[in-house]
Amino acid sequence: MTGERPVPVPPTNPETEPFWDATADGRLLLRSCADCKRVYHYPRRQCPECASTNTDWTEASGRGTVYSYTVTRRASEEYADATPYVLAYVELKEGPRMLTNIVDCDIERVEVDSRVEVVFDDTGSGRALPRFTLRVGD
Amino acid sequence: MSTQASARVAGIYEHPVREAPDTSTPQLHADVAAGALRDAGLTFDDVDGYVTAESPGVLSLADYLGLEGLSYVDSTDIGGASYVAHVGHAAAAIAAGRCDVVLITHAGRPRSIDYDPGHPRRNHPADAPEAGFEDPYGLSFVGLYALAARRHMHEYGTTSEQLAEIRVAASQHAQHNEHAMFQDPVTVADVVDSPLVSDPLHLLDCCVVSDGGGAIVVASSDVASDLSRPCPAVLGSGDAIKHHGGGALDLTDTGAVESGPKAFDDAGVTTDDIDYASIYDSFTITVLEAIEDLGFCEKGEGGEFVEGGTLQAPDGDLPFNTDGGGLCSNHPGNRGGVTKVIEAVRQLRGEANAEVQVPDCEIALAHGTGNSIGTRTGAATLILGADR
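Top line first, the protein sequences correspond to chains A and B. For the record, in the first sequence the residue sitting at position 79 is 79 according to my numbering, with numbers rising by one throughout. For the record, in the second sequence the residue sitting at position 220 is 220 according to my numbering, with numbers rising by one throughout.
Hint data in this document are derived by calculation from the structure and do not stem from the laboratory. These numbers come from a predicted model, not from an experiment. Every residue gets a Cβ at the ideal spot worked out from N, C-alpha and C, and that includes glycine. Incorrect hints may have been included.
Label-pair restraints from in silico Cβ distances [to be verified]:
#  : chain 1 : residue 1 : chain 2 : residue 2 : range
1  : A       : E117      : B       : T271      : 40 to 46 Å
2  : A       : D25       : B       : D190      : 48 to 54 Å
3  : A       : R44       : B       : D272      : 41 to 47 Å
4  : B       : E307      : A       : K93       : 35 to 41 Å
5  : A       : K93       : B       : P16       : 51 to 57 Å
6  : B       : S60       : A       : S61       : 36 to 42 Å
7  : B       : R98       : A       : T133      : 52 to 58 Å
8  : A       : R135      : B       : D272      : 57 to 63 Å
9  : A       : V112      : B       : A5        : 56 to 62 Å
10 : B       : G309      : A       : E117      : 43 to 49 Å
If you only want the chain B side, here are some residues facing chain A, beta carbon under 7 Å, derived [said to hold, decoys possible]:
#  : residue
11 : P136
12 : G138
13 : G143
Full structure from sequences and hints, please.
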């Protein structure tokens with residue numbers, strides 16, 4: 001992102017608060033189903049695969065690859081002055097694909113399958129927005 | 001239960017307006033309702049079913065229009081696909097004996113209320129479970145479709161030039177539509193040289209933003225048989241929702257994978273039988289993926305399929321969106337499903353613009369793609385047969 005990048009405060013609810021609380025400690029949480037073993041995101045009590053409620057939080061490695069990305073060149077509201085910025089789906093090592101931004105790098109270097117790792121942008125509200133940056137080395 | 005031929009499209013009307021600064025949205029609903037009923041040769045008193053998808057809502061609009069004695073109402077909202085789905089729902093209700101004459105109206109004024117053209121952040125209701133995991137990242141509709149386009153290119157080698165062919169075909173058709181917002185034909189070079197909005201989608205890969213609306217009257221075959229207008233039969237329909245799947249979303253296909261086979265089975269026809277197709281065109285990639293998912297070509301071969309004028313009427317193998325579609329003519333209220341049905345009916349009646357009328361058009365398909373293939377999307381496929 002060119003200008004100061006926006007860090008909007010995410011809306012939360014009682015079901016998702018533990019996810020956001022963990023971001024304050026720099027941890028990315030996913031949900032895991034004890035019955036069908038599916039790991040999923042966004043978090044919810046009921047497994048989207050098998051409808052079991054025998055699910056719990058699990059900590060993600062924070063690493064993954066770019067499944068798809070786009071350089072947004074026109075935007076509105078708080079993002080109006082942040083163009084160009086990268087909107088992406090990151091496929092986490094644990095499986096789920098999550099919407100996010102790729103930040104803190106030369107956006108021309110972002111490609112499908114680029115290796116990325118999570119970074120946390122403080123929202124100023126005690127919680128942080130998980131984003132990703134290009135990973136160098138192992 | 002097959003909906004085959006127990007219901008027919010008796011009336012259609014597309015509002016000619018594309019910018020309506022001095023008209024209320026309910027007024028537009030009233031205009032299109034009256035227009036479609038007039039086209040059918042029916043009146044408001046004949047209506048016993050009413051359907052509309054979005055704000056201000058079916059209750060408010062039934063009141064505003066003075067509709068009484070309704071025995072069937074529906075407000076199904078699956079984004080821009082809604083008004084394609086509504087025709088199938090109306091036909092099923094008619095087949096079940098719930099009603100005889102269903103009025104479907106759509107209207108909206110995004111152009112006049114200063115909608116940022118195609119690039120808003122997507123704001124979910126605060127209680128939407130996905131809101132916290134999507135809205136903070138600067139999403140836009142074009143951005144989400146761009147993600148799909150990028151992944152399709154990555155997996156299948158689809159090119160920007162191939163996507164541009166879709167806009168080229170639409171523009172060739174739009175030059176014959178006096179109401180189209182963009183009537184000048186464009187070339188592949190024009191499209192790929194237009195500014196990137198969200199890579200890899202360019203400005204000309206995106207649909208127009210227009211005020212306006214449209215209406216459809218679906219009637220029982222008994223009612224239709226007394227009318228003087230040709231009334232195409234509802235041969236088959238199918239709906240589907242495709243969603244994020246807890247992070248398992250595949251961006252290279254759409255809900256048409258499910259809605260298409262349902263509609264083809266219902267109608268008892270195949271892709272080979274389709275003489276004309278209205279295919280939802282919020283963006284060029286929307287068309288490309290739907291063509292593949294509906295089975296007009298193999299998955300991943302859409303790019304090659306659309307080359308060489310395949311989509312251009314009257315002589316292409318799959319003439320599409322002969323009104324110029326959402327890309328060039330009209331995308332009323334940011335929901336284009338109603339115009340997809342309307343142009344299919346024009347083709348089946350032989351009332352499309354002369355230069356793009358498909359000869360002997362017997363069976364037409366209308367397909368809607370709603371909300372975003374980048375997250376969760378509605379799909380509706382409708383197959384109509386000429387009244388011969």
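Evaluation of the provided hints:
no.: 1; hint: A/E117 to B/T271: 40 to 46 Å; in the structure: holds (45 Å)
no.: 2; hint: A/D25 to B/D190: 48 to 54 Å; in the structure: holds (52 Å)
no.: 3; hint: A/R44 to B/D272: 41 to 47 Å; in the structure: holds (43 Å)
no.: 4; hint: B/E307 to A/K93: 35 to 41 Å; in the structure: holds (39 Å)
no.: 5; hint: A/K93 to B/P16: 51 to 57 Å; in the structure: holds (55 Å)
no.: 6; hint: B/S60 to A/S61: 36 to 42 Å; in the structure: violated (50 Å)
no.: 7; hint: B/R98 to A/T133: 52 to 58 Å; in the structure: holds (57 Å)
no.: 8; hint: A/R135 to B/D272: 57 to 63 Å; in the structure: violated (49 Å)
no.: 9; hint: A/V112 to B/A5: 56 to 62 Å; in the structure: violated (47 Å)
no.: 10; hint: B/G309 to A/E117: 43 to 49 Å; in the structure: holds (47 Å)
no.: 11; hint: P136; in the structure: holds (4 Å)
no.: 12; hint: G138; in the structure: holds (4 Å)
no.: 13; hint: G143; in the structure: holds (5 Å)
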